[in-house]
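Engineer: One-letter residues, chain by chain:
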Amino acid sequence: MADVNSLTIADARDALRKGDLTATELTDACLGQVEAAGALNAFVHNTPDLARDQAKAADERIKAGDAPSMCGIPLGIKDLFCTKGVPSQAASNILDGFRPEYESTVSQKLLDAGSVMLGKLNMDEFAMGSSNETSTYGNAVNPWRRQGDAAQLTPGGSSGGSAAAVAADLCLAATGTDTGGSIRQPAAFTGIVGVKPTYGRCSRWGIVAFASSLDQAGPMTKTVRDAAIMLEAMCGHDPKDSTSADLPVPDFEAALTGDIKGKTIGIPAEYRMDGMPAEIEKLWADGTAMLKDAGAKIVDISLPHTKYALPAYYVIAPAEASSNLARYDGVRYGRRAKLAQGDGVTEMYEKTRAEGFGKEVQRRVMVGTYVLSAGFYDAYYNRARKVRALIKKDFDDAFASGVDAILTPATPSAAFGLGEMAAADPVQMYLNDVFTVTVNLAGLPGVAVPTGLDAQGLPLGLQLIGRPWEEADLLNTAYALESAAGFVSKPARWW
Amino acid sequence: MLDHLSYSEPKAKVISGAREDWELVIGMEVHAQVASKSKLFSGASTKFGSEPNSNVAFVDAAMPGMLPVINEFCVEQAVRTGLGLKAEINLFSAFDRKNYFYPDLPQGYQISQLYHPIVGEGEVIVDMGPGVARRVRIERIHLEQDAGKSIHDMDPHMSFVDLNRTGVALMEIVSRPDIRGPEEAAAYVTKLRQILRYLGTCDGNMQNGNLRADVNVSICRPGDYEKYRETGDFGHLGTRCEIKNMNSMRFIQQAIDYEARRQIALVEDGKQVVQETRLYDPDKGETRSMRSKEEAHDYRYFPDPDLLPLEIEQDWVDGIAATLPELPDQKKARFVTEFGLTEYDADVLTAEAESAAFFEEVAQGRDGKMAANWVINELFGRLKKEDHAITESPVSAAQLGGIVDLIAKGDISGKIAKDLFEIVYTEGGDPAKIVEDRGMKQVTDTGAIEAAVDEVIAANPAQVEKAKANPKLAGWFVGQVMKATGGKANPKAVNEIVSAKLGL
Amino acid sequence: MSIDTETARRVAKLARIKVEDADLPALASEFNAMLGFIEQLNEVDVEGVEPMTSVTPMRLKRREDGVTDGGMQDKVLSNAPDAREGFFAVPKVVE
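Residue numbers (the working numbering), protein chains in the order written: chain L, 886 to 1380; chain G, 536 to 1039; chain W, 149 to 243.
Chain L on its own, in the form it takes in the complex (with noise of 0.2 Å):
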């Protein structure tokens, strides 16, 4: 079979199962696309032994019988997951070094289910970017170019890594983390799939921490059918995670009927924005359409206080990540700083936290530690879990209302270059979370779809929110929405 590494996870998982592949085989295409694509910077770690064993593996199970539909698909890792003996260093200069003692659960799930660890992924720092560009091993680049321009444009962030490796082919699929937006966002400038599971469907056991109220790990995929079965194997009550829900887990692949009709789709008022470029808006008109079209009504809502979600998502995760990161302190692990003599403990933190954290981690930090400190914890800290319960309170109603989804755009923009957001103040960068942060604060599960092209040839997405713990009946839905959209669209390879 030609171009291997181009198969999705269910292709590729009917040759394994049928012996028209081998895992190796899949592995072996897959390794040599990520050593050909150094331009992408989408690997970082790179573990091919370990992929190999893995892989071979894979073959005895499937040849055993015993394949779980992960069974030997190469997959990338972001590198927030600490895996056992292979740097985990959540591209931070502070966690250099680290080799982990232990496997997250998610990516442990993965390999109990068979999959290939090929390596770890780039991603902005602690997770904490939208393009990939606070990363410690350098930028992550798109593998889309604008027609005729061969600037870099970002992958988008922080699971940028993740992105452009699924979209470049270089694996089938990849692990991402999303906080704000980061596996949405970065799928949506990639052209792929991306899901953020509802909160406590993934464990956070073993992902490095950067808000614990929001983070959570999702699949990056080619295609909706591959992000249900990579979900489905990822996902699950962990004991070692106290927000870990205990829930079943269901046949996530098995409710992708396509079959949307009598479903109510909400389109929010709240997210047609200011200055919205009409590409943007067409983009949503048409994905309405489509759905409209598949059998669903479509019903207009609003969900007033989507303004205030930035700014409260800018409240609590920097307050959470500056607690979450005091960890980082040169005493256990990772880097220390080189002290001079006479240094003492306190010039030890003050000189490890500020080499090893780049900009925008120690803004970030510095900001969230603000916002708690005395005097302050009512006015803002207090202020935005309360605006976040209200955030939570208008889905709630709009779910309450008949709604089954909600459909938005994903970004408002598609990739932009890198460099391109240098200049702007912090704030700019943020609003590239508009349409996805209000999922994390909410907690609810949301899926980016690709659904077409801008004029300059860059993929753009929609976004779908579900009501919580309900993936499957939203799967459906975005498999619905992808299959009405018929993308296709590969960029040219030019790494």
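Hint data in this document are derived by calculation from the structure and do not stem from the laboratory.
Watch out, some of these pointers could steer you wrong.
[Unchecked claim] Here are the simulated EDC-like pairs of lysine to aspartate or glutamate, each with C-alpha atoms no more than 16 Å apart in a straight line:
hint: 1; chain 1: L; residue 1: K1244; chain 2: W; residue 2: D171
hint: 2; chain 1: L; residue 1: K1244; chain 2: W; residue 2: E178
hint: 3; chain 1: W; residue 1: K166; chain 2: L; residue 2: E1235
hint: 4; chain 1: G; residue 1: K968; chain 2: G; residue 2: D940
Small disclaimer: the values here were computed from a predicted structure and weren't measured.
Following the hints, complete the assembly by docking chains G and W onto the known chain L.
Structural biologist: Coordinates of chains G and W only, in the frame set by chain L:
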């Protein structure tokens, strides 16, 4: 059931300064280690004295991505403690992060309960002597993680960090400022420790640091404290200083005494007491400021997003309440009313649940006062001499009861009983059988006693004359007769016969 | 609310991140930009709203009390920048 004997409150301690009299106002935060096998949020052992960093799970070392999962037993012990202190149990509580940097605090925060503690208001009755006690109000009890240990004296330039203790469950028991002197403070800790040990929620081992106290001390002029109690306004009290981490009753008293005098001197000098954290140096006998703690005094508490609120059910609490043992106050009251003991004896016997149980077994069906006497004076005295706990007593309650029975029946005298006790203590055996085998039975045969008395009288005519003049000297004859009978004569019978024969 | 360089210095200290004096004014201005953004929250009427405690309401799971972890000094220390004799070593802490 009587909860507590009636008591009156003691007077506050007054310290005379150079110019005027001052009173002390003391509040305490006692950190009691929950007697659990594993830590509050990890499955690592709480065992004391292990190899450094061996009782450490990845979550204790705050490895990236590690998450806390709560130990239900620890929650139960906090509830149990709350019930034991007659406190309100909060069915809804939550965990907060207290953020600060320190090498033995790997997460960079301590998981504690600031906003919603698991236990609310309760009380401790602190006994200050028969009929005198102080009621100290408990403000709250919350669960929190202990920190690790930094060792500063192993290397001239480095501190060494051991995380074995990190994450061990502590109950922080916070009192209101109701303690009014150094002795009361020590008595408060003693009483709290006693209750915790009765409940089994904390072993109270202060040497190992399983019970430590932070002491808040301020001074006020006589009368001001009463104003505070009436109004709840802390403005009536002086600025307080917190003396951290005290793990000895003696040091607690010394530190408070020093600190009060320091504050009095400052105020009488027209200076201000600065609210701060201080450390007691037992070698120098003084407290000193811990400035290092001061600068980072912004803990940025916020709810721990890794944990959900802790909601417990009333049924569960009721189930715990149903298994609560009889507590020291009730037990003491019962010993006084049921066995007719003095409050002092009841106090001694109820100090430890094991001693109380031992006593009750001895007293079962016997004279309570006599049983108390033997347990306290003979047994405790002897055990103390050898530094043994009641649980290590070589004499069982049944054996001691047997000795008491022999005395009560008149088979042996008190004096012989002491010899018998010694034999049982060192050699063991059934007291009745020992008495039988070794011919220790007391002679009650009046004929034999009469003969002995006659013999002594005949041999000592001069003493007879003296005794007739001064009946008090009859005792000398009793002594001689006892000696002649090897102590086995019934002293009461000897007394009577001597008196009769001397015609007294 | 406007943050001056002194506040920026205090926050950096609290966060244990060394910031050179020369960089403090820029830091303060970044803070101000972010806080200006955050301050939109003041427009929201939050009267009577309970702050969100957990986004997916569930009963907190408890574990039984048993020793199921630890006993791996080597693994705990394996990533340490400076470990000696079973301890993590740090520059001397002065109390």
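Engineer: Against this structure, judge whether each hint is valid.
Structural biologist: Do the hints match the structure? See the list:
no. : hint             : in the structure
1   : L:K1244 - W:D171 : 12 Å, holds
2   : L:K1244 - W:E178 : 11 Å, holds
3   : W:K166 - L:E1235 : 5 Å, holds
4   : G:K968 - G:D940  : 13 Å, holds
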